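Student: With chain A held as given, fit chain B onto it using these hints.
These are the residues of each chain, in order.
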Amino acid sequence: MITTTDLLALLPLIVLSAVAVIVMLAIAVHRNHRLAFLLTVAGILISLITVPLVSDLVPRLITPLVLVDRYALVFTVMAYAAGLVAAVLCWEYFRVREGHQEEVYLLILTALLGAGVLAAAHHFASFFLGLEILSVSLFALIAYPLREIRALEAGIKYLVLSGVASAFLLFGMALVYAETGTMEFAVLGGRPGTFPSVIGTILILVAVGFKLSLVPFHLWTADVYQGAPAPITALLATVSKGSVFILLLRYGLESGVFRVPVVSVLLALIAVVSMLVGNFLALRQNNVKRILAYSSIGHMGYLLVAPVAANVVGGNLAAEALLVYLAAYFAMTLAAFGVVTVMSPADREAEELDDYTGLFWTRPWLATVFSVALLSLAGIPLTAGFIGKFYLFAAGSQGALWMLLGALIIGSGLGLYYYIRIVFQMAQAPAALQARPEARPVGAHLVLAILLLLIFGLGVYPAPFIDLLHPEINVPKQSAAQQ
Amino acid sequence: MYILSQILWTPVVGALAILALPAQQIRSIRATAITSSVVVLMLTVWLLFHFDTSSSAIQFPESLPWNAELGSYYALGVDGFSLPMVVLSALLCLVAMLASESVNTRVKGYHFWLLALEFGMIGVFLAQDWALFYVFWELTLIPLFFLIDQWGGKRKHTASLNFVLYTMGGSVFMLVSLLMIFTASSEHSTTMESMLATARSLPREQQIWIFLGFLIGFGVKMPVFPIHGWLPLAHVEAPSPVSILLSGALLKMGAYGLLKATGMLPEAASALQSVLAGIALVSIVYGALLAWRQTDLKAMIAYSSISHMGVVLLGIAALNEAGLLGAVLQMTAHGLIAGALFLLIGLLYERTHTREISDYSSLVQVTPRFAFFTTLALLASMGLPGSAGFVAELHAIIGGFQSFGWVMVFASLGVLIGASYAIRTAARLFTGPMRPEMQNVRDLHSHELIAAGTLAVGIMALGLVPGPIVELMNASVNELSMIFSHKNF
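So the protein lines, in turn, are chains A and B. All residue numbers for the first sequence refer to our numbering, where the first residue is 1 and numbers rise by one. All residue numbers for the second sequence refer to our numbering, where the first residue is 1001 and numbers rise by one.
Next comes chain A alone, as it looks inside the complex (with noise of 0.2 Å):
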């Protein structure tokens, strides 16, 4: 039975979801982009108000389904937040554009939500529909700029592998039910599976990998990265990305998957693989977003090191390492491709190498916040990036993962040079002084404002975020008396 406090702790979803019908009845009723952009970002920021409200009735379990807690909210909180960029960005970036925009609110909207089911998901069934609420709305937002064949491309190619990977999901999560007769993550941690549902269980890990982008999973991504616009692109690469490894280090700690000596083999190898391919990959890119889109595979890479340690040095440390990390890749990755959104033109995207030539001569601000975002992402000190590249060693070394952060360390090295090749380019004299650009997108540089003061606060000044980020995961006791 679902009582009022149990709706009353759903409230981040439920006004989310209300916004969604809001927006897509206002964009039928009268056709405006400016109108439907307003509505969604209120929206949002009204659905990110809710969340301080319920955040004393948590940890609450609401029907086996979905489990609202501490963890679930704060990366509700950063998924809203990410989805809020995105539609700044998206009103900067469609603004200038031909079609229809108004929609693209409403797949935004429809992305949160299905990330925000997938924070708080308990159970198979929450965990599917959560997944496929993201990925719809994601193949819709990615080939929205319906002329342009590389975005159709990357729709395509992004809905058959996801589609692909679907399958294997369900395929997974049957093969495990028919073993352990339960879907609920925790329940499943008390019947420790054999030989099917260990196969199951690295189906529905092949499922999550591809949605990581982990290698060998990995192949859509600079495509799909490349083609979808650019704020697009910066939403699928944190709120998609973040929600299946909020989902994943969930799912691993209640359901004890971590402690299946083959699963975490495999999570460590593919950790490694992801990190080194991720990064060398990148390395001979000439065009930004693809490089954006290794080095998101290296980054992903880096993630995992926290499930991996999260056996030895318990949940609670490796989901905060895993929250401030991806807080610290949100606020980095959607800077970067928020400079990319401003960057680029009315009639193309600014995504070659070439066209960052000299930025620090033409447009100084937007070359600073690129540098600080990329630096970060390098993992320099005094940057976010460093922060949480700080959590993944500190929780790697305490879990003795000296392979994986053998690997972070070489990753990071390759990093440098691909992000500083970057920074490199934007520091060079132009050749010419070009016209200074008569577009003054104020959101978009307010938003980037944000978003640099955040990277040097979680750099030089960490302790109030992080105690903000502070987990308080649900660890289930039986692993303890397992082990």
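Since the hints were derived computationally from the structure, they do not count as laboratory data. The model shown is predicted, which means the values in this text are computed figures rather than measured ones. Take these hints with a grain of salt, some might be off.
[Unchecked claim] Simulated coverage check for chain A against chain B, where a stretch passes if three residues somewhere in it have a Cβ under 8 Å from a Cβ of chain B:
no. : region
1   : 56–69
2   : 372–386
3   : 409–416
4   : 456–465
[To be verified] Pair by pair, the computed Cβ-Cβ distance ranges are:
no. : chain 1 : residue 1 : chain 2 : residue 2 : range
5   : A       : Asn32     : B       : Asn1104   : 53 to 63 Å
6   : A       : Tyr177    : B       : Gln1206   : 38 to 48 Å
7   : B       : Asn1104   : A       : Asn286    : 54 to 64 Å
8   : B       : His1188   : A       : Leu446    : 30 to 40 Å
9   : B       : Trp1209   : A       : Gln428    : 32 to 42 Å
10  : B       : Pro1022   : A       : Gln428    : 18 to 28 Å
11  : A       : Leu468    : B       : Val1457   : 52 to 62 Å
12  : A       : Arg284    : B       : Arg1369   : 51 to 61 Å
13  : A       : Gln398    : B       : Val1457   : 50 to 60 Å
14  : A       : Ile410    : B       : Val1407   : 49 to 59 Å
15  : A       : Ser55     : B       : His1188   : 22 to 32 Å
16  : A       : Ile410    : B       : Gln1206   : 18 to 28 Å
17  : A       : Thr3      : B       : Trp1209   : 39 to 49 Å
Idealized CB from N, CA, C, for every residue including glycine.
Tutor: Structure of chain B alone, referenced to chain A:
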């Protein structure tokens, strides 16, 4: 009072003031930059007089919690190792500012970055917390990257990229070592004091791994033999005021860090003693040989830096009082000498647009002051008795002899080669036919003379009356060498 914070933040205030000035007001930008570095220098000199030389403890300590979660502090302090380096950095920064007259493109940005560099450099030497140290260490890269990349010579892009990648690659290893100590510590604090206690209690094998990480991290900066690739290019391509800082003060950061690491991991240091000595000897001889082969004066000085920093490493490797004292003295001496040489060469290049040694024949007739100062610095660099180089190298080699015996022959070989190229260059300045194109070279004047003169006085003072500076360092050197003489790690 917070004297150290005042020293540290004055360049930042200066840099911000410069940012606020309009870019056309070149004179006031220069004046602001020079004023703030004069203030820093005066504050450090004040520090010099109020420093208690009998104590090896950290003095003028300041500490504020910075990040409670990591246990890091904004902790500053000086001891006998860091104080000379702080004064040296402040002095060389002023010299570099004075020598920056010729920079006339984007003056505002140039002085801003120069002050930012001073902030980072002084921060490294003042930090008493490893997290803070690391932050300042990395912070020096950003100004340097821009200074070399924007105001450098022909191959500035390659040089700046090489420099940043080398140093960052090295500092990753340093970071890993620091994190290994941090995770082993029970206090979970990054203060140098607490990390030192933790590191000394680690098992021997782990200490060795950690020390190797430090060796790579600090060795890149010093630089030592196999990882010195960035140095010649960066020094030659950097604008000459930046070369002064690069060679005079920034290389010392590596040596300073290595000294700290030696104190933290005494067991590893004595286990790796022979490795360190081997690297040092190779660096000395190899650097000297390379320098000998150069015809470009700036490249010659750059390579000779490898050789001279090898002497520092040799002193550290000796792990005894004489050696350590020699290392610290050599850090100061080389800072002054290399600073003076890069200053003079930079000024000479501005006037003649050549750095080929063979182009400089009989310079003494046109520009006697140039010839005098250059010769003085060259002789000091080869270790002529009565100059700073002599005192320092003597101590280091005596220390090495006590620890390693006859192998020190190789160090003498390096010194010999050093002498040969120094004398060859000096000879060029005095002999040969007068070149017609050198007829109109201006001699040193006004503030250039002050800058060169200050460094020359420093070099001679250190050589003739080494007493005061030895006294300054003695307590700290003693404390460090005691650990090794009693083997009570």
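Student: Check the structure against each numbered hint from earlier and tell me which ones fail, lowest number first.
Tutor: Structure breaks hints 1, 7, 14, 17.
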